[in-house]
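Which chain is which? The protein sequence lines are A and B, in order.
This note's numbering applies: residue 33 is where the first sequence begins, and numbers increase by one.
This note's numbering applies: residue 253 is where the second sequence begins, and numbers increase by one.
You may find that some hints are simply not true.
When the alpha-carbon atoms are kept at most 25 Å apart in a straight line, the in silico SDA-like pairs for lysine to any residue are as follows [said to hold, decoys possible]:
hint	chain 1	residue 1	chain 2	residue 2
1	A	K95	B	V337
2	A	K107	A	D588
3	B	K291	A	I482
4	A	K273	A	P232
5	B	K350	A	I140
6	B	K291	A	E517
7	A	K360	B	K343
8	A	K142	B	Q352
9	A	K360	A	I286
10	A	K142	B	D349
11	B	K288	A	F455
12	B	K326	B	T263
13	B	K288	A	G460
14	B	K288	A	Y462
15	B	K350	A	L138
16	B	K284	A	S202
17	A	K511	A	K565
18	A	K132	B	D349
19	A	K342	B	L346
20	A	K342	B	Q330
21	B	K288	A	I436
22	B	K343	A	L356
23	B	K267	A	H516
24	B	K288	A	A206
25	A	K511	B	Q286
26	B	K267	A	E517
27	A	K473	A	L461
28	A	K360	B	G320
29	A	K360	B	V337
30	B	K291	A	K306
31	A	K501	A	R446
32	A	K173	B	R269
33	A	K473	B	K291
34	A	K306	A	G112
35	A	K306	A	D582
36	B	K350	A	I286
37	A	K509	B	K284
38	A	K342	B	F305
39	B	K319	A	P324
40	A	K434	A	F455
Simulated from the structure, these hints should not be mistaken for lab results.
Here is what each chain is made of, one letter per residue.
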Amino acid sequence: MNLKTKNIETDILIVGGGTAGCFAAITIAENSDAKVIIAEKANIKRSGCLAAGVNALNAYIVKGQTPENYLTYTKNDAEGVVREDLVYTIAQKLNQVTKKVEDLGLVILKDEAGEYVSRGNRNIKINGENIKPILADAVSKLPNVTVINRMNIIDYILKAGKIIGAYGFSLDTAVLYVISAKAVICTTGGAAGLYKPNNPGFSKHKMWYSPFNTGAGYAMGIRAGAEMTTFEMRFIALRCKDTIAPTGTIAQGIGAQQTNSKGEEYEKNYGIPKTSIRMYSTVMENQKGKGPCYLQTAGISQEQEQDLYKAYLNMAPAQTLSWLENGKGPANENVEIEGTEPYIVGGHTASGYWIDTNRATTIQGLYAAGDVAGGSPQKYVTGCFAEGEMAAVAAVAYIQGKAITSPEMQDVERKAGAVNAFFTNEQGLYTVEQIEEAMQKIMDEYAGGISSGYVFNLSKLQVAKRQIKDLLQLSYKLKAHDLHELMLIYEVIDRLYVCDTLIQHLGARKETRWHTFQENADYPERDDANWLKYVNSRFSEGEVKIILRDLVKKDDIYEHKD
Amino acid sequence: MSIKIDIHKCTGCGKCREVCPGSLLAEDPAGKTQIKYPKECWGCTSCVKECNFNAIQYYLGADMGGKGSYLYTKQEGQLLHWIIVAPDGSKQILTIDKRQANAY
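Could you build all of it, start to finish, from the sequences and the hints given here?
The structure is reproduced here in C-alpha cells:
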C-alpha cells in the first residue's frame, strides 16, 4: 500500500468531533460564515468519551450557587493549583451552554416549577444516553461545516512557527490528506491506555476513559513544540470493580458510603473528602489488608435498584448486565470498588495544552478545548462545551483578514515518505500490540501504575524514561499491512510521546500535592512554600524541557509572552 | 468485554460498522459484519443500538465475571428496550423512555 497525497482547504480545521469539537463547530456557524472541517477518527455520532452516554451534567451552577463558588470548590479540590482564569471563565458559561444543549434535544430533569433538579451543589440530572447523536445531528445541519469521518489526523503543519494545517489519513482509502487551514482547534480528548489497565487480555479495553482516546492531540502538540501543563496531575478514577463503571451515580445518587471489608466507613479517616482522597483512602485500606472496599448499597429499596439499573444503561451498560447476570443487584450486595490505571485527561484534572484565557495555545493559530486543554480541572461535559465555544470565538477572530498558507512541497513529500515507510518496513520481530503492552508494563511498574500503588520515585522514573525512549525507536520500525494497522502504529507512537512528557512532569514536581494522582515517594509531603506553581514543559531537540510558572488568578487575562 | 454477531440475523446493512468508535467492525466476504478486533471493544453498545435485527449480542468476558448472559436492544419510538438473555434462554427486559431523565 502507498498513500497518495491530496490537498484540501478550509478556514478552520477542528481535530476531533467529540463534545468540545462539535460545540466549537456549532459556535463558529453561529458567529461567522467561515468554512469548517471536522476531522474525526471514528464517526461523530458515537465518537469520543461520550459514546455510551453520560448520566449527569456534573458542572452546573445550581440555584444558590455562583461561578465564584464553583471556582472555590475546584481550586480546593485541586489543592490550590488551577488556572483560576480558565476555571472562572468556564463557570460563567456553564448554564448558558446547558440551555443550548437542552434546546438541541437533551432531556434534563425538572421539578413542577420548571427548575432543573439538582444532585448536590454542581450537578443536574439528565438522560444523556443519546448526547452524541444529538450533537452530531445539530452539526449535520450546518451548511458551512463538513464532517470527515474516519480521518486520522497525525501531525500539524507549521510554517515560521505558525500553524497552517494538518496531515491525516483516511481509514478507508489510501490517501494522505494535506489539510490547509487558517486556524486549527484541537479537541481530540485525553489519553487512555498509557498504563497497564485493570482488566487483562480479553477485556483490556473495558476501561473508564475511551481506549480510542490515545492522546493524539497532546502528542501532535508536543512534537510541534507547544507548551504543555500539569501532566503530573494524573486522573485515577474510583470505579465499580471489573466493569470500571462510574461510582458517582451511586455515591451521590443514593448517598452510599465507602466501607472496607469490616464494614467500617473509612474515608473520613483520611482528611477532608476530595476527589483524590476518595481514591487514596481506598488504596490505603487495601494496603492495610482491609479490602475489598465497597460502596454500601445493600438495603436500598427495589425502586432505587431499578433506577440504578436504568441510570447505568444510559452510560455504562456493562454494570447493569453484571448485576443482572450475577443475580445480585445493589439492593442485595454492596458494590465493590477499585482504582483505575492513571489517565491524562484535562476535563477531570488539569493536564494539557498551556492556553491563554482565550484558549489559544503557544503555537500561533492553534486553539485547544476540552480534555486536551490544561489548567482547568472538573470541566466535565458542560465545561468542554464552554471551552469549545471560547476556542471557536477566538479562532473566528484570528482568521479575519488571513489567507491560507500552502505547505512547502518538500515538507509534504517528507511526511508522505515517513507515513509510507510503515508499509515498506520489513516485518520485524515486534508487533504494535507488543510495543503497547511493553509501554503499559513500564509505566505500571516504574511510573506509578496500579501495581505500585500509584507511587513512584526518581530512580524508577529514570528507568521508565530510558525504556520508553527505546520503545519509541522500535515503533518506527513497525510494519503496517493496512490502514487500521497504520492507525494503531500512530496511536502507540502518540502514547509514547505522552508517556515521555508525563515522566518528566512526575519527576519535576518535588512534593506530593495530589495523593495517588501524583504520589512522589522522594517527596511525600505537600510543599506550599515552593510548589504553588505550574509545572509546564516544551519538547525541543528530542528532550522534554521543564518550565515552572507562577499561578494565574481569577481576574487575570493571561497572554502568552515568552 | 465484547460483542458476538449472529451472521444469520445480520443483513449486512453496515450501520454498526459506521458508528463503532474504535473502527473494529468489518465486512466479511459474504457482505455480513464481523468483529475484526474483539479484544479492542470498549463495550459502549453503540453498535448494539444501531442494529434493528437483534444480530449483535453484548456480553461480559469471563475475566469480568461474565457467565454467559448477553444483551441486545430494541427501539420502539421513544422507548429503548434492553433485553438481557440468560444462558437458559430466559429474558429480562428493562425499558427506558428517552424523554425521561435518570432519577440519579
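Against the structure, the hints:
1. A:K95 with B:V337: violated (43 Å)
2. A:K107 with A:D588: Status holds; Cα separation ~16 Å.
3. B:K291 with A:I482: holds (21 Å)
4. A:K273 with A:P232: Holds, at about 13 Å.
5. B:K350 with A:I140: holds (11 Å)
6. B:K291 with A:E517: OK: K291 of chain B and E517 of chain A at ~15 Å, within 25 Å.
7. A:K360 with B:K343: holds (16 Å)
8. A:K142 with B:Q352: Within the cut-off at roughly 10 Å; holds.
9. A:K360 with A:I286: holds (18 Å)
10. A:K142 with B:D349: Between K142 of chain A and D349 of chain B the Cα gap is close to 16 Å, so the pair holds against 25 Å.
11. B:K288 with A:F455: holds (20 Å)
12. B:K326 with B:T263: Holds. K326 of chain B to T263 of chain B sits at ~16 Å (cutoff 25 Å).
13. B:K288 with A:G460: holds (23 Å)
14. B:K288 with A:Y462: holds (21 Å)
15. B:K350 with A:L138: Given pair K350 of chain B, L138 of chain A holds - Cα atoms ~10 Å apart, limit 25 Å.
16. B:K284 with A:S202: Within the cut-off at roughly 22 Å; holds.
17. A:K511 with A:K565: violated (43 Å)
18. A:K132 with B:D349: Since the Cα atoms of K132 of chain A and D349 of chain B sit roughly 22 Å apart, the hinted pair holds (cutoff 25 Å).
19. A:K342 with B:L346: Holds: K342 of chain A and L346 of chain B sit about 7 Å apart, inside 25 Å.
20. A:K342 with B:Q330: Since the Cα atoms of K342 of chain A and Q330 of chain B sit roughly 15 Å apart, the hinted pair holds (cutoff 25 Å).
21. B:K288 with A:I436: With a Cα-Cα distance of about 40 Å, the restraint between K288 of chain B and I436 of chain A is violated, given a limit of 25 Å.
22. B:K343 with A:L356: holds (11 Å)
23. B:K267 with A:H516: OK: K267 of chain B and H516 of chain A at ~19 Å, within 25 Å.
24. B:K288 with A:A206: holds (20 Å)
25. A:K511 with B:Q286: holds (24 Å)
26. B:K267 with A:E517: holds (22 Å)
27. A:K473 with A:L461: holds (19 Å)
28. A:K360 with B:G320: holds (15 Å)
29. A:K360 with B:V337: Cα-Cα ~16 Å, so holds.
30. B:K291 with A:K306: Distance ~34 Å between K291 of chain B and K306 of chain A Cα, so the pair is violated.
31. A:K501 with A:R446: With a Cα-Cα distance of about 23 Å, the restraint between K501 of chain A and R446 of chain A holds, given a limit of 25 Å.
32. A:K173 with B:R269: Distance of about 23 Å is within 25 Å: holds.
33. A:K473 with B:K291: With a Cα-Cα distance of about 18 Å, the restraint between K473 of chain A and K291 of chain B holds, given a limit of 25 Å.
34. A:K306 with A:G112: The given pair, whose Cα atoms are some 12 Å apart, holds under the 25 Å limit.
35. A:K306 with A:D582: holds (24 Å)
36. B:K350 with A:I286: holds (22 Å)
37. A:K509 with B:K284: With Cα atoms ~34 Å apart, K509 of chain A and K284 of chain B exceed 25 Å; violated.
38. A:K342 with B:F305: Status holds; Cα separation ~23 Å.
39. B:K319 with A:P324: Holds: K319 of chain B and P324 of chain A sit about 22 Å apart, inside 25 Å.
40. A:K434 with A:F455: violated (37 Å)
Comparing the model with each numbered hint stated earlier shows that hints 1, 17, 21, 30, 37, 40 do not hold.
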